[in-house]
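Protein chains in written order, with the working numbering: chain A, 1 to 357; chain B, 1 to 301.
Hints are supplied without guarantee of correctness; some may be wrong.
Covered stretches of chain A (chain B as the covering partner; in silico rule of three or more C-beta atoms under 8 angstroms from a C-beta of chain B) [to be verified]:
| hint | region |
| --- | --- |
| 1 | 105-117 |
| 2 | 155-164 |
| 3 | 253-266 |
| 4 | 336-346 |
Among chain A residues calculated to face chain B with C-beta under 10 angstroms, some are [to be verified]:
| hint | residue |
| --- | --- |
| 5 | V28 |
| 6 | L29 |
| 7 | G30 |
| 8 | L32 |
| 9 | T34 |
| 10 | T38 |
| 11 | L40 |
| 12 | A44 |
| 13 | A180 |
| 14 | L182 |
| 15 | V185 |
| 16 | D196 |
| 17 | I208 |
| 18 | L211 |
| 19 | L328 |
Just so you know, the hints here were simulated from the structure itself, not pulled from any lab data.
The beta-carbon is built from N, C-alpha and C at its ideal position, and this holds for glycine as well.
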Amino acid sequence: MTTEQPALAPPPPQNLAGKRARRQVSAVLGFLITLFLTFLGLLAITFFIGRVIPIDPVLAVVGDRASQAQYDAAAAAMGLDQPLYVQFVTYVGNVLTGDLGRSVSTGRAVAEDISRFFPATFEMATLGILIGVVLGVPLGVTAAARQGSWLDQAIRVVGLLGYSVPAFWLGLVGLAVFYARLRWVGGPGRLDIFFDGLVTPITGMVLIDSLIQGEVEIFVNALWHIVLPASVLGFFSLAYIARMTRSFMLDQLSQEFVTTARVKGVPERVVIWRHAFNPIRVPLITVIGLSYAGLLEGSVMIETVFSWPGIGNYLTTALLNADMNAVLGSTLVIGAVFIVINKVSDVLYRVLDPRAR
Amino acid sequence: MMTTRDWLLADSPTSRWQANAGRAYRVFTALLRNPLSVLGGIIILVLLLTAIFAPWIAPYSPTGQNLTQRLLPPSGTNWMGTDELGRDIFSRVVWGSQITLTIVLLVALISAPLGLLIGAIAGYFGGWIDRILMGFTDIFLSLPKLILALAFVAALGPGINNAIIAIAITSWPAYARIARAETLTIRNAEYISAVQLAGAGPIRVIVQHILPLCTSSMIVRVTLDMAGVILTAAGLGFIGLGAQPPLPEWGAMISRGRTFILDQWWVATMPGFAIIIVSLGFCFLGDGLRDVLDPKSEGKS
């Protein structure tokens with residue numbers, strides 16, 4: 001997942017502080033350059049998908065009964081008579097100014113649509129990662145501390161299931177069991193229908209907006225609805241986080257300083273949670289970051305199942321309507337967020353881990 | 001008297017064929033010692049046999065409708081129940097194994113050689129070729145796979161062939177990275193220099209002497225990735241961009257069953273179990289293969 005950073009230029013022999021400062025500057029520069037290139041690559045890919053693959057984008061707009069003159073006019077209006085690199089530069093310029101084109105199905109600007117739908121996805125993915133971290137880390141630590149126990153085996157199975165259960169299927173089964181049979185959670189959607197439109201969107205996240213406006217009843221209802229989709233997402237991050245935590249902890253627990261601490265008579269709880277756990281906090285941040293980015297992707301499937309009005313639902317609706325501006329706009333936004341989270345967790349690792357400095 | 005086993009385990013094989021067979025035999029016996037990889041192997045074997053013998057295994061036609069038998073719960077005659085058009089779900093799941101197997105095989109056959117070639121070229125030549133190819137690879141690697149596959153299918157048009165192409169396009173970069181890393185470790189080996197001095201050109205060196213050495217780590221990685229490929233393909237089918245009805249693709253079947261999930265749970269859940277079992281099978285087998293084939297653990301023994 002992580003990309004290799006370009007090798008740092010060897011600093012000239014100087015005093016240590018200057019050397020470090022210089023190295024940090026070149027590290028930051030290298031980071032910005034890879035970030036820039038990755039974004040450019042993302043733009044190139046969406047551009048390629050949008051302008052090059054479809055056999056004829058003009059035909060899609062004017063229809064096959066248009067005259068040659070109409071056809072040429074439409075091509076000129078879309079800028080398609082320009083050479084490809086000019087089109088690409090125009091495209092990059094448009095994206096940078098926040099112009100992602102107009103959605104055919106909603107009739108609004110894609111950028112506006114996305115900013116309207118994104119908070120719902122963000123809310124669900126964030127709750128999902130919280131569930132994943134709060135449960136996954138302690139489970140992973142416990143599994144490592146009691147290697148070979150039934151709990152360890154159970155966590156291994158959960159980890160493998162995280163790789164082999166389709167997210168949309170788990171969502172459906174969850175709805176059938178916890179909503180239809182047991183009535184423990186709310187059904188699809190963010191709120192019950194009669195609460196719809198009662199909260200003025202401020203942040204766009206119902207949980208937060210309802211709290212700000214003091215609507216406790218709506219808050220409870222929103223919580224009731226978000227629990228299941230967030231738990232399904234949380235399951236996948238839990239599986240990954242627990243597995244990684246376990247393997248990091250096993251590495252630490254076999255180190256000599258852990259044995260020393262045990263021999264000194266340090267209580268086992270302290271050995272595990274202080275001596276062994278402290279050093280793995282930094283790599284865990286990377287794992288959590290990767291898992292968070294993965295959840296944004298996973299929410300595309302989950303949102304379809306739960307009729308969740310987020311960017312994933314927007315994307316899938318657009319896909320089925322062949323609404324390419326909306327498809328490419330959402331791809332671009334999800335891709336950009338994914339890249340940023342990936343790179344930031346990579347950088348955090350470098351900044352926080354003294355060995356990587 | 002020399003048994004087949006002795007011939008396979010001979011310390012000094014007399015032919016390349018004997019050496020290869022001996023190695024395959026060692027890997028196989030090592031795999032047999034790990035119960036989970038045996039289970040994985042059995043699952044994949046069952047998948048293969050089901051796909052091949054689907055016409056004889058499936059009791060009913062996968063597309064034959066019988067509107068008097070709509071939405072029947074699982075029973076002795078319809079093991080997994082029937083769907084909204086009265087089709088037998090078990091028969092459809094059996095026939096669906098062919099689609100899953102086709103997707104998995106084609107994705108592996110397209111993306112692994114492609115990644116292998118790009119990685120080997122980048123690693124062998126180094127310099128700016130390496131930088132350009134790997135820069136390209138890294139960009140692909142840092143993008144979300146599923147979203148990218150969705151966007152590609154949207155542009156290419158829905159359908160199973162385009163789904164396969166889209167998944168293959170998004171999965172080669174990981175293989176390129178592995179192949180490059182492997183190539184870098186063997187590029188400067190003496191036998192490579194010997195071949196070069198004997199006058200072999202880059203194509204010959206890469207194809208005959210570097211690629212074969214990358215295959216074992218590639219097999220491990222491809223097997224482990226297959227679970228992800230199955231899930232992505234099923235996801236595309238679920239959204240309606242993969243295999244089109246009436247094809248009995250598992251993801252598309254779950255999608256049809258969505259409407260009935262509250263009352264007729266079996267329509268959506270049954271194909272899901274098939275997906276889980278097959279994906280788990282590839283995970284188990286891949287884990288076992290990694291333990292056996294991984295060059296690092298091999299060096300220790």
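* Does the interface hint hold: is L328 of chain A within less than 10 angstroms of chain B, judged Cβ to Cβ? -> holds (7 angstroms)
* **Restraint outcome when L32 of chain A is required to lie within 10 angstroms of chain B by C-beta distance** => violated (15 angstroms)
* To do: Answer holds if the nearest beta-carbon of chain B is closer than 10 angstroms to that of L211 of chain A; otherwise answer violated.
  => Violated. Min distance 31 angstroms.
* To do: Report holds or violated for the interface hint on L29 of chain A, using the least CB-CB distance to chain B and a cut-off of 10 angstroms.
  => violated (16 angstroms)
* Count the residues of the region 336-346 of chain A with a beta-carbon closer than 8 angstroms to any beta-carbon of chain B: does the count reach three? -> holds (count 4)
* To do: Closer than 10 angstroms between Cβ atoms is the bar; does V185 of chain A clear it against chain B? Give me holds or violated.
  => violated (14 angstroms)
* Hint status (Cβ of L40 of chain A to nearest Cβ of chain B, threshold 10 angstroms) -> Nearest chain B Cβ about 8 angstroms off; hint holds.
* Asked: How about A180 of chain A: closest beta carbon in chain B under 10 angstroms, or not?
  -> A180 of chain A check passes; min Cβ-Cβ to chain B is 4 angstroms, inside 10 angstroms.
* Does the CB of D196 of chain A sit less than 10 angstroms away from some CB of chain B? -> This interface hint is violated because 21 angstroms lies over the 10 angstroms limit.
* Three residues minimum, CB to CB under 8 angstroms: does the region 253-266 of chain A make the cut for coverage by chain B? Let me know. => violated (count 0)
* Taking the closest Cβ pair, is G30 of chain A under 10 angstroms from chain B? -> violated (13 angstroms)
* With 10 angstroms as the cut and Cβ atoms as the points, is T38 of chain A at the interface with chain B? -> holds (5 angstroms)
In summary, the structure is inconsistent with hints 1, 3, 5, 6, 7, 8, 14, 15, 16, 17, 18 from the numbered list given earlier, while agreeing with the others.
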